[in-house]
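Novice: Chain by chain, the residues:
Protein chains: 6
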Amino acid sequence: AADPDPLQDFCIADLSQKSFLNGYPCKDPTTAKAEDFIFKGLKDASIISDENPWGAAATLAFARHWPALNTLGVALVRLDLIPGGVIAPHTHNLATEIVFVTAGELYIGFVANSDDVSAPNKLFAGMVKAGEAFVIPRGLVHFQMNKGTINASTINFLNSHNPGISFLPLTLFGAQPAVDP
Amino acid sequence: AADPDPLQDFCIADLSQKSFLNGYPCKDPTTAKAEDFIFKGLKDASIISDENPWGAAATLAFARHWPALNTLGVALVRLDLIPGGVIAPHTHNLATEIVFVTAGELYIGFVANSDDVSAPNKLFAGMVKAGEAFVIPRGLVHFQMNKGTINASTINFLNSHNPGISFLPLTLFGAQPAVDP
Amino acid sequence: AADPDPLQDFCIADLSQKSFLNGYPCKDPTTAKAEDFIFKGLKDASIISDENPWGAAATLAFARHWPALNTLGVALVRLDLIPGGVIAPHTHNLATEIVFVTAGELYIGFVANSDDVSAPNKLFAGMVKAGEAFVIPRGLVHFQMNKGTINASTINFLNSHNPGISFLPLTLFGAQPAVDP
Amino acid sequence: AADPDPLQDFCIADLSQKSFLNGYPCKDPTTAKAEDFIFKGLKDASIISDENPWGAAATLAFARHWPALNTLGVALVRLDLIPGGVIAPHTHNLATEIVFVTAGELYIGFVANSDDVSAPNKLFAGMVKAGEAFVIPRGLVHFQMNKGTINASTINFLNSHNPGISFLPLTLFGAQPAVDP
Amino acid sequence: AADPDPLQDFCIADLSQKSFLNGYPCKDPTTAKAEDFIFKGLKDASIISDENPWGAAATLAFARHWPALNTLGVALVRLDLIPGGVIAPHTHNLATEIVFVTAGELYIGFVANSDDVSAPNKLFAGMVKAGEAFVIPRGLVHFQMNKGTINASTINFLNSHNPGISFLPLTLFGAQPAVDP
Amino acid sequence: AADPDPLQDFCIADLSQKSFLNGYPCKDPTTAKAEDFIFKGLKDASIISDENPWGAAATLAFARHWPALNTLGVALVRLDLIPGGVIAPHTHNLATEIVFVTAGELYIGFVANSDDVSAPNKLFAGMVKAGEAFVIPRGLVHFQMNKGTINASTINFLNSHNPGISFLPLTLFGAQPAVDP
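So the protein sequences, as listed, match chains W, X, U, P, R and C. Each residue of the first sequence is one higher than the one before, counting from 83 in the working numbering. Each residue of the second sequence is one higher than the one before, counting from 83 in the working numbering. Each residue of the third sequence is one higher than the one before, counting from 83 in the working numbering. Each residue of the fourth sequence is one higher than the one before, counting from 83 in the working numbering. Each residue of the fifth sequence is one higher than the one before, counting from 83 in the working numbering. Each residue of the sixth sequence is one higher than the one before, counting from 83 in the working numbering.
Chain W extracted, bound-state conformation (with noise of 0.2 Å):
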């Protein structure tokens, strides 16, 4: 479990409106269409250019992308990554994820937390092909790497519409200001 229980069928988002709470406020409802269900935004690949550092993008469908998740308890998240593309190690900090590949194998894994009993720091990770499934347990370091010949593409599930991402390389060095000096 993850996010408050919904007290409505759906509270599709509201984000217009300038206040600010506990997820967001809900259009009128009697405004809801079923378009506002339906999200086309994760049908394209992401172009991976040159200078992309880390040869790999992320593209969200968070509720603020597709407002009609919110209070449902549930987002996607879509990867693409070069041969040699990488999505660094990160976590999620109100979701557990699973990742559905689509296309291409990926290298996945996750770190057990350092204070877990049977298994502290501990790597579980593999390769992952398209139409397989792999998932990450709430809020444990995970990343993805594409260790194949060819472009590898996800379709990712976590139980929260806002589970945020602590992508560690920024988290870590790159905050601002700076962690310390």
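Since the hints were made in silico from the structure, they are not lab data. Treat the hints with caution; some may be incorrect.
If chains are identical, the list can't say which one is meant, so a pair holds when it fits in one copy or spans any two.
[What the hints assert, rightly or not] The calculated lysine-lysine pairs, modelled on DSS-like cross-linking and capped at a C-alpha distance of 25 Å, are:
{"id": "1", "residue 1": "115", "residue 2": "229"}
{"id": "2", "residue 1": "109", "residue 2": "229"}
{"id": "3", "residue 1": "229", "residue 2": "125"}
{"id": "4", "residue 1": "115", "residue 2": "211"}
{"id": "5", "residue 1": "125", "residue 2": "211"}
{"id": "6", "residue 1": "229", "residue 2": "122"}
{"id": "7", "residue 1": "115", "residue 2": "125"}
{"id": "8", "residue 1": "115", "residue 2": "100"}
{"id": "9", "residue 1": "211", "residue 2": "100"}
{"id": "10", "residue 1": "109", "residue 2": "122"}
{"id": "11", "residue 1": "100", "residue 2": "229"}
Start from chain W and add chains X, U, P, R and C according to the hints.
Specialist: Positioned in the frame of chain W, the structure of chains X, U, P, R and C alone reads:
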């Protein structure tokens, strides 16, 4: 959202135990392997035989099929539908669902609940093409139909490791014993 | 559990506000009166007219009828059924329900979900007399029928302030627009 | 709201097991019968003997009395009070309660918590007649008194299968050993 | 456990808003400063005047005192007790508490609920010295007494940002209006 | 909120049992003693040897160290840091934390998540003196440093009985096997 929160990194279901709990007991965590976190059972399309009255099949990846999901609050389903195939109206009594279409196109919809003030019994439905997604709020009646001319497939995500499926043609008209004489 | 936890003693719904949230905003708590916590709307049996096709009526006490229930995770319903009357199969997508029979006797049942390993689509039903209670697990299809010779009444409790009602005859066959032509 | 969410249709408590858990283990679900979901123990008024110092009695239907309630997040209590009878101040540490009066009339009230900004230690109380209901927010001190001239009865609903009862005359003055000499 | 889950990194309470919600609205997150996450109000011992009938004082750090706590499900209290001082029996209706003694020593206890099968109304109490901790389960009646000869202080932690305090001498005997004449 | 709600007054972990669950089974509640609810293990400062590369030590009071915490959704940690000592960046994947400084002063900070719209990768950090507190939102990267000239100590509170610790130097660079060759 749904499911109690996890209290450790993972709790891989031990399906060999005869004890009955809310959820499953875990197997000894020292025996966890990377393979436990990978699921391969959704890779291939179901073959829909001529005798399948619905022209459709669902392949499940709930905690009892993929034990690593136990306590993590997530599950998957793969749908395959031949042209004309239909996944008849059903509910998942314990989860919200996102349908991600991976091949073909589908007519997908849900019906708002009868007590929804702004949209009682209102159908929200539309055509969803490969690469697009559709979200179904927790517990509502919904369906998928292949109105196209080629086979369609989806990968669906649910925010419970055991979301339940009340397939209404069966729960209403095929209950054992019958609902009423 | 259903509904997010309360974060103060009470949060009486302010139904006059036009804002839309997950749940309702509260009215100014300094205006709370003892009367807010008392509900009188379930006192009298509904008169079932000859033209009522179901021979039954439901009177609701959800948060929008009884604003003090907002955030408290509880609601009530009263059912009245003439002999032969039926509350047709329906689900509460967000709550478990206890039916407490206050007059007459009813045939009450629920159908286990189609994916229940031990009891797929199994009907659990029986006669429940005045003073007896029947529990319906969260989100499952259930119904009430008056097979007796006198009027029957119940007071039902649900563990959400807005449990939802998918009345299946209407959601399946009366959706607007129709589910499919 | 209260109680962890259920992870299957039902988990009827197996009270014969000696194991201790958060909640109860379930009995084998293949042995579930319709009768498990019906409770008859609240049917009759308690006889209040002359020696009952409170002039009142509470009959419980919690998970240990009605095993089908286990994991479902709901419970019942029946109160019977002779004229002058009182259910002295108490709290349910884990649940919100609705009192539904089925006979007679009662003076019912709760006291807002001492840190409630708008209503510290404020009493919200009133007369509640047969057919009327009163809601008591989670964990607050409350009481019921029969100020009428006839016996009164209630059926109370709580949103936990084991809501707890801290009966203040006993917890304060009858604790074993005594709170302080 | 308690409080709805957070849906973003933080939601610092905006106490200037007049709207009433379950919890508080957030201030504009772009205005968050490091200082918001630091609280200095528990630093000094309360001066207990001769006229303080309890010989004790509680200083609160709930969400309305420390707005950064809003939605994060945690709060603090500092207690100071002169010799003979007592924090009389009370409950926190929405939270579990850990008392950590920072100076002196205290006699601390809670009373199991009256419906606890194995320990009805049983007192669990003992002397807790500086550097030691005592845990009080959610919602149960508890107290702290300074039976020593020097001033005692504690820092207490609760797992709700607004745990509630039903101080029983006041809720029982000081309610406004009085519980009953 | 974190951790499933308790379903009884307490459920003291029975660490002698070999069964694996989400959390721990309880020991027989009739054997509970007042001493179970008192924890003495955080009383003394850790001695930091010259060979400790971090100049810091953490002493835990989670459910496996203090069994009474099981199911109650709370835990403690004590930190000791010599001048120059550091608790390197880490996350608690399942809990929010409050750091209460009991001696010395510390530079404490957390980094907002990389997807935080208003504050991506923003460091919120400051000096926290004895008697002051700092709150770290659930799952975010944070650290503590002793920039002072005397030893510093803290008592930290977390809202889960097993909050997890992903100590990033170890999970990133010390995982077994290594994250990547």
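Novice: Now, for every hint given, state plainly whether the structure supports it.
Specialist: Okay, the hints, checked on the actual structure:
{"no.": "1", "hint": "115 - 229", "result": "between (42 Å within a copy, 21 Å between copies)"}
{"no.": "2", "hint": "109 - 229", "result": "neither (44 Å within a copy, 32 Å between copies)"}
{"no.": "3", "hint": "229 - 125", "result": "both (23 Å within a copy, 20 Å between copies)"}
{"no.": "4", "hint": "115 - 211", "result": "between (37 Å within a copy, 18 Å between copies)"}
{"no.": "5", "hint": "125 - 211", "result": "both (20 Å within a copy, 9 Å between copies)"}
{"no.": "6", "hint": "229 - 122", "result": "between (28 Å within a copy, 19 Å between copies)"}
{"no.": "7", "hint": "115 - 125", "result": "within (21 Å within a copy, 33 Å between copies)"}
{"no.": "8", "hint": "115 - 100", "result": "both (23 Å within a copy, 20 Å between copies)"}
{"no.": "9", "hint": "211 - 100", "result": "neither (43 Å within a copy, 34 Å between copies)"}
{"no.": "10", "hint": "109 - 122", "result": "within (20 Å within a copy, 32 Å between copies)"}
{"no.": "11", "hint": "100 - 229", "result": "neither (44 Å within a copy, 40 Å between copies)"}
Of the numbered hints given earlier, the model fails hints 2, 9 and 11; all others are met.
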